[in-house]
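Fit chain B to the supplied structure of chain A, relying on the hints for placement.
Protein chains in written order, with this note's numbering: chain A, 1 to 526; chain B, 1 to 526.
These are computed hints drawn from the structure, not numbers from a lab. There may be inaccurate statements among the hints.
Copies of the same chain are indistinguishable here, so a pair counts whether it falls within one copy or spans any two.
List of simulated lysine to aspartate or glutamate pairs, EDC-like, C-alpha gap at most 16 Å [claimed, not checked]:
#1 K337 <-> E268
#2 K416 <-> D303
#3 K382 <-> E261
#4 K416 <-> E117
#5 K36 <-> E423
#6 K451 <-> E117
#7 K247 <-> D512
#8 K198 <-> E440
#9 K168 <-> D512
#10 K506 <-> E245
#11 K168 <-> E226
#12 K76 <-> D315
#13 K230 <-> E473
#14 K416 <-> D163
#15 K39 <-> E59
#16 K39 <-> D351
#17 K247 <-> E149
#18 K337 <-> E503
#19 K405 <-> E263
#20 K39 <-> D315
#21 K39 <-> E149
There are 2 protein chains.
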Amino acid sequence: MNKYIPLLLMPLLLVSACENNSTKEAEKSNIETEIKRPKYTFSTDEMYQIESVPAYSGEHQAIYQHIDESIDDHIKELQRWLRQPSVSAQNIGVRDMAEMVRSDFETLGFAEANLVETKGHPGVWGYYDAGAEKTLLVYMMYDVQPVNEEDWLSPPFEANLIDHELGKVIMARGATNQKGPQRAFLNALSSIIAVEGKLPVNIMIAAEGEEELGSPNYGQIVDAYEERMKQASGVIFPMSSQNAEGKSSMILGVKGIIYFEIEAKGGEWGGPSVAEIHGSYKGIVDSPTLRLLQAISSMTSKDGNTILIPGFYDDIIPPSDEEQLLINRTVHERDDKTLQASTGVSRWIDDQTGREALVDLLYNPTLNVDGIWSGYTGVGTKTILPHIATAKMDSRLPLGQSPEKMFANIRNHLDKNGYNDIEIRPFSGYPAAQTSVNAELSQKIISVYNKYTQGLSVNPRIAGSAPFYQFTERLKLPMVPMGLGLGRGAHAPNEIFLIHPAENVKAAGLADIEKAYVDLIYSLAH
Amino acid sequence: MNKYIPLLLMPLLLVSACENNSTKEAEKSNIETEIKRPKYTFSTDEMYQIESVPAYSGEHQAIYQHIDESIDDHIKELQRWLRQPSVSAQNIGVRDMAEMVRSDFETLGFAEANLVETKGHPGVWGYYDAGAEKTLLVYMMYDVQPVNEEDWLSPPFEANLIDHELGKVIMARGATNQKGPQRAFLNALSSIIAVEGKLPVNIMIAAEGEEELGSPNYGQIVDAYEERMKQASGVIFPMSSQNAEGKSSMILGVKGIIYFEIEAKGGEWGGPSVAEIHGSYKGIVDSPTLRLLQAISSMTSKDGNTILIPGFYDDIIPPSDEEQLLINRTVHERDDKTLQASTGVSRWIDDQTGREALVDLLYNPTLNVDGIWSGYTGVGTKTILPHIATAKMDSRLPLGQSPEKMFANIRNHLDKNGYNDIEIRPFSGYPAAQTSVNAELSQKIISVYNKYTQGLSVNPRIAGSAPFYQFTERLKLPMVPMGLGLGRGAHAPNEIFLIHPAENVKAAGLADIEKAYVDLIYSLAH
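Pulled out of the complex, with its shape left as it was, chain A reads as follows:
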């Protein structure tokens, strides 16, 4: 299973305003086959007018004031969560954290607050019954990545307030990924209830403790509440979306993924089947390693960039009219060179830039080798003919493609090329998720962002993956990660979440993050 937080945090594609015509380069890679990587024709060069969505005009001064007055207590709530370790990979503190979340729901006055047992770590379900017409579903994760304590400037589970160039920050594992934003959201609920007596919408929260493991059992949590969840009008995921200049990035979709191991070993077809043998036997013995290399190589064009597996470009839903507007806007604002510099890449494939590159990235599937190993990999010389070779591979799936069908495509391709001995071990697979910018939830979120942010980019989707299909495909709900604020260091040492911005920093501090959640909740009430 993939990790979706790093995907969400992945720098959004920065593309220049000027498009290159690189059709020539794009074509040269495919002279060996009829299969071409699809190109998508745009019917418009117009850009989505983010500014045309009116900023949220509601003012909830009494609640804002309550937040300001309670901010030290609210910080303590974040620290309480952050001081409870919940490392899912190492099973450190996970159930204690689940219980803390459950108990917090109770404290807030949730009518339902209970653990949801799964095959793995438990989920936490909470339902706040406001007797309201509308219901908001909130996705949460309460687990965190492992830490290497000695790499930290401040101990990862002390959650100290630190002076940083960004301002006053809280440093802890989970600070931005994802306890900080999530507890800020609960703080907002707390202040609304404190001032108004109750929330203006019903709230469902379905939290998991295995996001950092790739959400292998989130489906079981949805199983338990599927019909209830379907009554919600939309789903949000509290997150920090801002850069230091105060600009927010909003994401409306993610790709799906299949992840698998592929393995060749000696057997009836040939090759050593028991153990490595002396390398000189290559003269009469087949090599499982070369077999795997040939098999993987047969899946792509010589340049590795066009997938030659039949059916691999089927079923893709091309950029819709609204997505074209969003892409045109994104391309207008961003710069390839900046992103290339940040990733250490000299050029995109086929020397594409601008809209061409962005569309290729977001609307075509990938085929990637995440790792490969066989034989002797130590220092110096060892002359062996290995009996086994293994690779880890993944494919990111654009909207429309089915993981099951893509696995079948790979199997069929191998079989048709005589590689029926090569084993595919699927690790995970789920489809893409997409929410319309015109969905009511999307519009209301833009509206709140337009009140607070110094600019907003609305990305139709990212190239990374997250199992948001649970909400969009299964529950048929709009799903948008949302939140002001600035965090850094997810999955890395010295993870931080901005609490009080320095003067020159335009990202929101904790109080404004909470106020924006207040606004969102009120905007969703009607």
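Frame of chain A, contents of chain B only:
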């Protein structure tokens, strides 16, 4: 550098008397190219008549008796060598062993006995001046492989005599590889000198302490004595050649080898150049891993068995008339199924058997992947686009091919296919070596074997490699590894060398090994 002892000890190819006509299978793998793996037409089906070489008729009873009477002391000489560790890879006891060898030469009455400094461990040079017409050059190695003591039934440097199903054996690291046979040879010299006062031939010994490292500096030892060595009439390498039935295998040639690392990493051509990046970038970023896979795949046919690098089948010297006779004899005696069972291989490439398989193995170069690694190779899922991919590869070169030219062929192939960014790091390279069965040395060795052994196979060459070109190509001398005796476990725990065979075991014990060396030395005197 390769290790040539395991190559020498590699089971000789066992091929059946019945040849398959597998032309159809051989051809199907090459429809994609004009390059075909060469086939070699034989002008004869006659077999070499090993028995027609008369057994050595000399009898040296006084010396034989001296050996029998001294056998306990001779065993102690082996133990003395074996109790001195000389692990070249870990630099354990190496120089002490060199000094022991040098000192033994002196004790035997060698006129010259000195260390030969090299860039690595020292060589040892010895010259016994018999005032004789003929001079025999002896190649020796005094280093051994590392040990893992706990895997041993008897401590690897205690050299205990052990009761074994084969009889009384000596168990120690280096017992058969190569201290046992070598010290047995010196014991033979010692008994000749004790009985006759001096040897009937001059002896040069050029020993190295880096055989287990691939003999990287043996050329420097030859540099120091090249003109002297050229005066020898031939070169032997003391070794144990027998199986339990008493049959000896004789080897007249070895393949050469090139060994290298090949590496693709991100750079000006594309791909991440600094570190791995998020796997979802594959949509617009080239993969160095796929690039390496494509580059290696381009070097072979789809089945991995025909090398498509232009020039890779050039310059091969086909089986000579005498080699055809030897191959016909070998094929007549051996069985593919047995060797397949011992290596865990279901079938040879293209379903070849018999002479076709043997000739393909010995007369064509190979291209083998010894190891490959890139990206994430641990348990579970990690979605990255690696910035670097590396493989270890080797090619075994038949007689006629030049390592430099083969390296150039690979470089040219990569460059012509647009892979000029892919790095080749040569680790070692040397050409094949071949000695004629009709050389005087070969005939005299067969003659001695015919006196002692229960059958003899004379193999024109093996598929493995050894840097014997130093003798055959550089010094233009015939070179044949020679010796009776039975050893097991080279490079493995519980290495043994047979001292007193059990009743049902027909391989020679230490005394007969030494007597055969006595006979060889006398046979070479005239």
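Here is how each hint holds up against the structure:
1. K337 <-> E268: Close across copies (14 Å), not inside one copy (51 Å); limit 16 Å.
2. K416 <-> D303: The answer is between: 14 Å across copies meets 16 Å, while 22 Å in one copy does not.
3. K382 <-> E261: Cα proximity of K382 and E261: across copies only (11 Å, versus 26 Å in one copy).
4. K416 <-> E117: For K416 and E117, the Cα distance exceeds 16 Å both inside one copy (43 Å) and across copies (59 Å).
5. K36 <-> E423: neither (27 Å within a copy, 30 Å between copies)
6. K451 <-> E117: For K451 and E117, neither the intra-copy (40 Å) nor the inter-copy (81 Å) Cα distance is at most 16 Å.
7. K247 <-> D512: So K247 and D512 pass the 16 Å test inside one copy only (14 Å; across, 89 Å).
8. K198 <-> E440: neither (23 Å within a copy, 106 Å between copies)
9. K168 <-> D512: within (14 Å within a copy, 87 Å between copies)
10. K506 <-> E245: Within. Shortest intra-copy distance 5 Å satisfies the 16 Å Cα cut-off; inter-copy 87 Å does not.
11. K168 <-> E226: Neither, since 41 Å and 76 Å both go past 16 Å.
12. K76 <-> D315: neither (49 Å within a copy, 79 Å between copies)
13. K230 <-> E473: Close inside one copy (11 Å), not across copies (82 Å); limit 16 Å.
14. K416 <-> D163: Close neither inside one copy (61 Å) nor across copies (57 Å); limit 16 Å.
15. K39 <-> E59: Neither: 46 Å inside a copy, 88 Å across copies.
16. K39 <-> D351: within (15 Å within a copy, 45 Å between copies)
17. K247 <-> E149: Neither way: K247 and E149 sit 32 Å apart in one copy and 64 Å across, limit 16 Å.
18. K337 <-> E503: For K337 and E503, the Cα distance exceeds 16 Å both inside one copy (29 Å) and across copies (81 Å).
19. K405 <-> E263: neither (20 Å within a copy, 34 Å between copies)
20. K39 <-> D315: within (14 Å within a copy, 49 Å between copies)
21. K39 <-> E149: Close neither inside one copy (47 Å) nor across copies (63 Å); limit 16 Å.
Hint compliance for this structure: hints 4, 5, 6, 8, 11, 12, 14, 15, 17, 18, 19, 21 are not met, and every other hint is.
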